[in-house]
Amino acid sequence: MAIEVPDVRESFSQAIYTVTLGATPQEGGTRERLITVGGERALPFHHFDGEIPHPPVVAMEVWDIPPQDWPPVVRAPFQDVFDDPGEWAKKCVEEYGAALICLRLVGCDPNGANRSPQEAVQAVRRVLEAVKVPLIIWGCGVPDKDNDVFPSVAEAAQGENCLLGTITEDNYKTLTALATAYGHKVIAESPVDINIAKQVNILAMDAGFPLEGLVMYPSTAALGYGLEYVYTIMERTRIAGLRGDKLMAMPMLVDVGREVWGVKEARAPVEEQPEWGDERARGPFWEAATAYTYLLAGADILIMRHPEAVRATKLAIGKLMGEGA
Amino acid sequence: MAKRLTGIEIYKLLPRTNCRDCGFPTCMAFAMQVAAKKVALDQCPHVSEEAKAALGEAQAPPMRTVTIGTGDRAWEVGGETVLFRHEEKFHRPCAIAVRVPDDLPPQELSARVKEATSLRFVRIGQEIGVNLIAVEHRGGDFPTAVQAAREASDLPLMLICEDPDLLGKALAACGDGRPLLYPATSGNLEAMAALAVEHSCPLGVKGDGVEGLAALTGKLKELGVEDLVLDPGARGLLPTLTALVHLRRLALVKTFRPVGYPTLAFAVGDDPYELLAQGVAYVCKYASVVVFPPIGPELALPLLAARQNIYTDPQVPNAIEAKLYEVGGPGPDSPVLVTTNFALTYFTVEGEVERSKVPAYIAVIDTEGLGVLNAYADDRLTAEKIIKTVREYGVMDRVNHGKIIIPGLVAVLKMEIQEETGWEVIVGPEDAAGIPAFLKNEWKPN
Chain D
1 MAIEVPDVRE
11 SFSQAIYTVT
21 LGATPQEGGT
31 RERLITVGGE
41 RALPFHHFDG
51 EIPHPPVVAM
61 EVWDIPPQDW
71 PPVVRAPFQD
81 VFDDPGEWAK
91 KCVEEYGAAL
101 ICLRLVGCDP
111 NGANRSPQEA
121 VQAVRRVLEA
131 VKVPLIIWGC
141 GVPDKDNDVF
151 PSVAEAAQGE
161 NCLLGTITED
171 NYKTLTALAT
181 AYGHKVIAES
191 PVDINIAKQV
201 NILAMDAGFP
211 LEGLVMYPST
221 AALGYGLEYV
231 YTIMERTRIA
241 GLRGDKLMAM
251 PMLVDVGREV
261 WGVKEARAPV
271 EEQPEWGDER
281 ARGPFWEAAT
291 AYTYLLAGAD
301 ILIMRHPEAV
311 RATKLAIGKL
321 MGEGA
Chain U
1001 MAKRLTGIEI
1011 YKLLPRTNCR
1021 DCGFPTCMAF
1031 AMQVAAKKVA
1041 LDQCPHVSEE
1051 AKAALGEAQA
1061 PPMRTVTIGT
1071 GDRAWEVGGE
1081 TVLFRHEEKF
1091 HRPCAIAVRV
1101 PDDLPPQELS
1111 ARVKEATSLR
1121 FVRIGQEIGV
1131 NLIAVEHRGG
1141 DFPTAVQAAR
1151 EASDLPLMLI
1161 CEDPDLLGKA
1171 LAACGDGRPL
1181 LYPATSGNLE
1191 AMAALAVEHS
1201 CPLGVKGDGV
1211 EGLAALTGKL
1221 KELGVEDLVL
1231 DPGARGLLPT
1241 LTALVHLRRL
1251 ALVKTFRPVG
1261 YPTLAFAVGD
1271 DPYELLAQGV
1281 AYVCKYASVV
1291 VFPPIGPELA
1301 LPLLAARQNI
1311 YTDPQVPNAI
1321 EAKLYEVGGP
1331 GPDSPVLVTT
1341 NFALTYFTVE
1351 GEVERSKVPA
1361 YIAVIDTEGL
1371 GVLNAYADDR
1381 LTAEKIIKTV
1391 REYGVMDRVN
1401 HGKIIIPGLV
1411 AVLKMEIQEE
1421 TGWEVIVGPE
1431 DAAGIPAFLK
1441 NEWKPN
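Top to bottom, those sequences are chains D and U. Residue numbers for the first sequence follow the working numbering, beginning at 1 and rising by one. Residue numbers for the second sequence follow the working numbering, beginning at 1001 and rising by one.
Worth flagging that the hints you see were computed from the coordinates, not collected in a lab. Don't be surprised by glycine CBs; every beta carbon is placed ideally from N, CA and C. Hints are supplied without guarantee of correctness; some may be wrong.
What the hints assert, rightly or not - If you want the footprint, here are the derived chain D segments under chain U, 3+ residues with CB under 8 Å:
#1 16 to 25
#2 68 to 75
#3 230 to 238
What the hints assert, rightly or not - Pulled a few chain D residues facing chain U out of the computed Cβ check, cut under 10 Å:
#4 P6
#5 I35
#6 F82
#7 Y225
#8 D278
#9 E279
#10 R282
#11 P284
Claimed, not checked - Below, computed lysine to aspartate or glutamate pairings styled on EDC-like, alpha-carbon distance capped at 16 Å:
#12 K1254/U / D7/D
#13 K264/D / E1430/U
#14 K1357/U / D7/D
#15 K1254/U / E272/D
#16 K264/D / D1431/U
Let's have the full structure, built from the sequences with the hints guiding it.
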C-alpha cells in the first residue's frame, strides 16, 4: 500500500540579486574571467525549492605588506611570495584555483605601516596585472584612512568592476560615490546585527547607490567563537530576502580566513595542546569547517587563506551544487 | 493519519459550557490556547475521555524523542520543534557515532573503541565528545566484537547488523544497555522489530527514500516499536542533505506522522575534508545521529565545536555568573585580571591563565553577557563599574601588590581607575592568547 507523502517544497516570491564582478576588455576592464553570484530563489542548496543559478565562490586573501601574525601552518604555502602581492595573487589563482582575489590594504593602517594611497595603488596595479580574475579590495578598516586611500584606488581600478569594502552605518558616502564614479560594487558591513545590516543598505540606497551593487557582510566569527550568532543572522537575512524584502536580498560575503587564523584551535601547536592533534591538519580543518557552516547559512562569497581548506571548500560547493551526481 | 487539530476542531470536543474552570473566559479561548500548545487539554476538568483520546494522538509532539543507551552516558535525540534555530532553538544535540568493524583483530578493535571514546574536549565550560560506538558487522565475529566494544567503552552502542539471528546473539550477551539497533529494512522488519521489543531498544530503520521509510514505520508501529530513528538511505553530501530537509519539513511543517522521528545520516568516504563537510552539513541541517568512520582529534574537535555552536540556545545570553574566580590556588602575590561575563570571553581567559600555570584571580564584571569591546561600546564596561565590582569582591585586600590587570582592548580606562583608586593599573594583552607570555614574562607582584 503506497502512502501519499505531502509535498514540502516551498516557493519564494523573490530571487536574491545577481551580482557580477570583473569586466572584460569589451566592457572596459582587463579581466578574462568574470564571477557572478546570487540569483538564487531557494535556501542554500535546497535545489528542490527553486533555482540556484550560481554556485558560491572562494576568494583568496592577498596583502599589500607581508603579514606578521599568520601562524606557520598558513604562512608556509605563501612564504616565497609574501613580498609581492602580484606573485602572491598569481599563486592563489594558478596553483590554488582562487575564483577571486581579495587584496587587503593592511599596510595603509595608520597604526601600522601607514602606507600612502600611492603605495596602495601600486599594490592594486600589481595584482590587476598579475591575474585576470576579479578583485575584492578591502581597506585597512580605519574610516578616515580608508576615505583617504580609496579615491586613488577606485580610480586606478576604474572600469574593472571590483568589489570595494567596506561601507558601514557611519561611513558610506565616500565609497558609494567612488564606486558609482569608477564602476565598482560595494561591501555593506554590519556588526552581527540584522537591523543595522538593513540600515546600511538603506543608507547606500538613499545615497543613490543601487541595491543590486551591494554584497552584504554581516561580520564573521570563527567556528567556536560566536559563529552561531552570525549563522543565524545570515539565515534570517536570507529568508527575509527570499520572502520579498528587497533590502535584504543581497548576496552575502564571509571573511573566514581572517577570523579562523586568529583562534587558538587553528593556531596552537600540538606540543601545547597534545589532545587536539596535529595543527597542520587541525588548522585547515578549522577553516574548512567554518566555511562549510557558512555555506549552509547562505554565504555566496567566502574569503579564505589555506590552500587545503580552499580546495576542500570548492569540492564541497561542487557536491552541494549537484556536480558528479 | 492524525493531523494536528485546529482550534475549532478542539472546541467541538469540549463541553462548550464556558464554565471558566480552566481559567479561560470561554471554551473557544481555551481551545485556541490548546491548539497553540500553550496549555494542556487536561486543564479543563470536564473534558471527556473520548475527547482526550481524540486529542491525545493529535497533540503528541510532531517528532518523537528517543533515548539511546542507559545511565550517565545515555543520549536523547529528536523531539525537535523548529526548522531554524532563531524560531526557538534546537533541543537535543545530534549524537556523533564512530564506526568500528567487527573483523578487526580483538586488540585493535579495543584500541579503536578506546580512541573514539577518548575524543572528549572541554569548550566554554561544557564537555563535548563522541556519543556512540557503532559496531558494524563486516563478516567478523559480531557478538564477540560487541562484547569487546562494551568492555572497552562506557559509551552507548549502535549495533549495525542486517542479520537478525546474529544481532540476537550479540544482544543475548549484552542487550541491556539500550543500544541502537540498525538496520531494519523491508527484508528483515519483523525479526528486527521482535529484537527491539524483546530488549527494549531503539531501532534504526533504513528505507528507500522518504516514501519507503513511511511505509516501514507504519508496520513497525503495528509491531509495537515506536522508538525509531530514520535513515532515508541516501549517501553523499547533497542527497543526504536533501533527504534530511524533506524529513524535517514533513515531520514539523506537515505533521506527517509516519516520519515524526529522529533521523540518521552516514558520513562516508576517504577524504577527511569530505567527512567533515558531511558532518557539518548534517549537524546544521537536521540529522539526529551522524555515523563516522574512525576520526582523529584534529577532525573531531571542529566537528564537535560546530555541533556545540548550532545547538546553543539563541534565547539565552551566553553569560556566566559575575564573581571572583580563582584559578590554580592564588595567594597574596597572585595577579588580578579583569574580564567580562560573556561566557566565551571568560572561558578563553580562564583557559589561557590555566595554561600559563600562574595562579591568578579573575574578577568578572557583569556586562550582561557582552564581550570586552561590545561591553565598552555599550557602557557596560566602564572604569566606574570595574572599581565598584572589584571593591565588592574585596580582592585587593587579599593581594599584597595593589596591582590590577585590565584587558588591552580597554587600555583607555587605565588612568581613570588609577586616579580614583590608587591601584596600579596594568594594561594586559588585547588578545587572551597573549596572557601566558604576559603572566610569565611581564607580571611581577613587586
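Against the structure, the hints:
1. Note: the region 16 to 25 of chain D has 0 residues with beta-carbon separation from chain U under 8 Å; the three-residue rule is not met and the coverage is violated.
2. Using a Cβ-Cβ cut-off of 8 Å, 0 residues of the region 68 to 75 of chain D lie near chain U, which falls short of the minimum of three, so the contact claim is violated.
3. Restraint check on the region 230 to 238 of chain D versus chain U: 4 residues with Cβ-Cβ distances below 8 Å, three needed, restraint holds.
4. Interface hint status for P6/D: upheld, as the beta-carbon distance to the closest one in chain U is roughly 4 Å, under 10 Å.
5. Below 10 Å, beta-carbon pairs count as interface contacts, and I35/D has none with chain U, the closest being about 22 Å; its hint is therefore violated.
6. Hint on F82/D is violated. Least Cβ distance to chain U is approximately 22 Å, over the 10 Å limit.
7. For Y225/D, the shortest C-beta to C-beta distance to chain U is roughly 6 Å, which falls under 10 Å, so the interface hint holds.
8. Hint status for D278/D relative to chain U: holds, with the closest Cβ pair at about 6 Å, below 10 Å.
9. With its C-beta approaching chain U no nearer than about 8 Å, E279/D sits inside the 10 Å limit, and its interface hint holds.
10. For the restraint placing R282/D at the interface with chain U, the shortest Cβ-Cβ distance is roughly 4 Å, inside the 10 Å limit, so the hint holds.
11. Interface restraint check for P284/D: the shortest CB-CB distance to chain U comes to about 8 Å, inside 10 Å, so the restraint holds.
12. Between K1254/U and D7/D, the direct Cα distance comes to roughly 9 Å. Compliance with the 16 Å bound is thereby established for this hinted pair.
13. For the hint linking K264/D to E1430/U, the alpha-carbon distance of about 14 Å falls within 16 Å, and the restraint holds.
14. Restraint check for K1357/U and D7/D: the C-alpha separation of about 59 Å exceeds 16 Å, so the hint is violated.
15. Distance hint between K1254/U and E272/D is unfulfilled; the C-alpha atoms sit about 51 Å from each other, more than 16 Å.
16. For the proposed pair K264/D and D1431/U, the alpha carbon gap of about 11 Å is at most 16 Å, so the pair holds.
When the structure is compared with the earlier hints, violations turn up for hints 1, 2, 5, 6, 14, 15 and for no others.
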